[in-house]
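**Student:** Sequence:
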Amino acid sequence: MTAAESASALSRLEQRAEALACQNVDSMTELSSSMTDPRRQALGVGAAIAGLAALHWAVPSSYLYLHSFLQHLNFLPIVLAGLLFGWRGATLSTAAAFAMQAPHIWLSWGPLSFYATDVLLELPVFGLAGAITGHLAERERRQRTNLETTKQELEEVYHELQQNFERLKRAERLYAAGQLSAGMAHEIRNPLASITGAVGILKRGHGSIENCRECLDIIEKETQRLNRLLTSFLDFARPRAPKFQPVQLPDVFDSVISLAHHAAGATTIELRQSIAGPLPEVRCDAEQIKQVLLNLIINSIQAARGPGVVELRAREVDGFIQISVHDEGCGMAQQELDRMFDPFFTTKENGTGLGLAVAAKIIEQHGGNLSGANNRDQGMTFTVDLPLKAVPKT
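Quick note on the working numbering: the sequence shown kicks off at -7 and runs consecutively.
Derived by calculation from the structure, the hints in this document are not laboratory data.
Since the structure is predicted, the reported quantities are computational estimates derived from the model, not experimental observations.
Where is the CB? At the ideal position from N, CA and C, for every residue including glycine.
No more than 25 angstroms apart at the CA atoms, straight line, and that leaves these computed lysine-lysine pairs for DSS-like: (1) Lys235 to Lys381; (2) Lys381 to Lys353; (3) Lys195 to Lys213; (4) Lys235 to Lys282; (5) Lys235 to Lys353.
Label-pair ranges, simulated between beta-carbon atoms: (6) Glu152 to Glu212: 53 to 63 angstroms; (7) Asp243 to Asn219: 22 to 32 angstroms; (8) Ile193 to Leu329: 41 to 51 angstroms; (9) Gln237 to Ser363: 20 to 30 angstroms; (10) Leu329 to Leu184: 24 to 34 angstroms.
Please put together the full structure from these sequences, using the hints given.
**Tutor:** Printed below as a string of structure tokens:
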């Protein structure tokens, strides 16, 4: 065989060895990405290690650089075993690689002792790298498992909280219905007692003409009171949906002040309004806002002691129109402040206890908020926060 033919044969052998090595690398990559069955994964790692050992026997011992290349490729299945099976998998794969290459190392010890020494030193290093990789992979898997467990527990807790919240809402609705029923029964009982007494006097027919007129006045007065009570209750229980339209609030304020003057009558209360700068147009139900403000102003007038001032103030604050009704009355005790928006709670002798509840409901339907607090010096201030852009609530 000529030198040229020998060189050609060696070149073909080198190409074949490199192709087999690349094919082995590709097969290991496919194994790591596609196989999910632990048995198939273990078989794949074992096949890669066995394939590399077989290549050592197929490649002539004179091609040391190919043997060195194949030896370095052992790093891949060892690290892959660490990723898939933890540090134990990396240790076992290192032992398997050493066992499969031991005959080749033994045969190379004499003439190629430096190469055999490199192999003996490199395999433990590969094993250590695989063990570290396996340890990190196991820790990551434990963390992932813990996260999944925590997520599942949180979902269960959230589901339980949702169920408890629904039960609380049902209980709250039942409690509110009971409170409303008790309040209605209490408020209706007094007018009915008066009407029953007046009817009894008329029925006996022993009263004077003045007594009869007085009884008829009582019946008329208490009947009207019952009608107002039922109307207020229906407004609270089934409030009319707001009819949103562009509204200039100063016009609403002027109308409310005018109506409040008539309601105040001959009292010594002075009504004022104070608007901080021009107010933008607001989308709201003008009649309902007028109803709320009139109710608040009349309450302030009735709470005032002697001469005083009730002031309607308005300003724009962070996308809201803040409307406040400030008075110089007696204010409320803390326990009254906590209950002032409860249906049928009232501090007035002839009040129904539904005015503030209805007002709060209307403002809530506008996406706003109604609150009240005592002033630092004297009196009380009710505040309506009305959004510029209506956010209706059902």
